Structure formats: C-alpha cells, structure tokens
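Student: Sequence:
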Amino acid sequence: MARLNYIVTIIVITLICVLAQELYSDRYDKVDAENILQNNRLRDQYYNCFMGNAPCTTADAKFFKEIIIEAFRSKCKKCTEKQKEMMNLVQDWYKKNKPEQWKAFVAKYQQEER
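For the sequence shown, the UniProt record's numbering begins at 1 and goes up steadily by one.
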C-alpha cells in the first residue's frame, strides 16, 4: 500500500510539473501600450530600444527587450494574457501605421532567432 501511495505521489508531482506553465513576470502588465503607440517620442524610444539603435531607458522596455526574442519565436507561449493583448495591439498598430518599421522588426528578430 505504501508503495502504491509513493507511485501515485510521483505521478501527481510529475503531472503538476508538466501542466504548470511558466509565464513571464506580470510586473509590467499595466504598461499603457496604446498611450505609447500614440506618442511619437515614446513610440520611437521603445522601437529604437527594441531594434538596438538606442539604449532602453525604462525598466519595462528593458524587460520586454529581454523576452522579445523568445516571445516572438514561441508566439508568446509564456506571455500573460495582458502581454498577449499588448503584443497583438503593437503588431496590429505597426502593420497598419508603420509597415516598413514592422518589416524591419520582424526581419531583425527572425535573423536573431537563427
């Protein structure tokens, strides 16, 4: 009986580990991406940070730059729901309003993926 309990415990722990999905920190989920996109100065600051053309001057920009390659590669598999919403908002905005910058961004991160 003790052996059966041990085996069941191991199986349960294994399932918990497999099913537990590691997510990125939600620390910056309250960032107002829409406000950033509407502000030319802020938008350019973030874009240049992500493209490596300028330093990342805010903690949230540094955080997102650190996860962006993996998030891009995995289609945001580890993103929180809010981060997925932000990524979709940013992607849609750039495709509509700044398609050349979006193409450059995609090219950069596809290249860094390799």
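Heads up, a few of these hints could be off.
Capping the alpha-carbon separation at 30 Å, the derived lysine-lysine pairs in DSBU-like fashion look like this [claimed, not checked]:
#: 1; residue 1: Lys75; residue 2: Lys98
#: 2; residue 1: Lys30; residue 2: Lys65
#: 3; residue 1: Lys82; residue 2: Lys96
#: 4; residue 1: Lys77; residue 2: Lys108
#: 5; residue 1: Lys108; residue 2: Lys62
DEER-style ranges, computed between Cβ atoms [as the list claims (entries may be wrong)]:
#: 6; residue 1: Lys108; residue 2: Glu22; range: 24 to 30 Å
#: 7; residue 1: Ser25; residue 2: Arg3; range: 17 to 23 Å
#: 8; residue 1: Gln101; residue 2: Lys78; range: 43 to 49 Å
#: 9; residue 1: Leu89; residue 2: Arg41; range: 26 to 32 Å
#: 10; residue 1: Arg3; residue 2: Ala107; range: 16 to 22 Å
#: 11; residue 1: Ala104; residue 2: Glu66; range: 26 to 32 Å
In case anyone wonders, no lab produced these hints; they're calculated from the structure.
Being a predicted model, the structure only gives us computed values, none of them experimental.
Virtual Cβ for every residue (Gly too), placed ideally from N, Cα, C.
Student: Does each hint hold? Answer for all of them.
Tutor: Structure-based check of all given hints:
The suggested pairing of Lys75 with Lys98 holds, with an alpha-carbon distance near 21 Å, which does not exceed 30 Å. Taken as a hint, the Lys30 and Lys65 pair is honoured in the structure, with Cα atoms around 16 Å apart against an allowance of 30 Å. Annotation: proposed proximity of Lys82 to Lys96 holds, straight-line Cα distance about 21 Å (limit 30 Å). Between the alpha carbons of Lys77 and Lys108 the distance comes to roughly 20 Å, so the proposed pair stays at or under 30 Å and holds.
The hinted pair formed by Lys108 and Lys62 meets the criterion: a straight-line CA distance of about 17 Å does not exceed 30 Å. Taken as a hint, the range 24 to 30 Å holds for the pair Lys108 and Glu22, whose Cβ atoms sit roughly 26 Å apart. The given range of 17 to 23 Å is broken by Ser25 and Arg3, whose C-beta atoms sit roughly 40 Å from each other. For the pair Gln101 and Lys78, the supplied restraint of 43 to 49 Å is violated, since their beta-carbon distance comes to about 25 Å.
Separated by about 19 Å at the C-beta atoms, Leu89 and Arg41 break the suggested range of 26 to 32 Å. For the pair Arg3 and Ala107, the supplied restraint of 16 to 22 Å is violated, since their beta-carbon distance comes to about 57 Å. The supplied range of 26 to 32 Å is broken by Ala104 and Glu66, whose beta-carbon atoms lie about 20 Å from each other.
Checked against the numbered hints above, the structure violates hints 7, 8, 9, 10 and 11; every other hint is satisfied.
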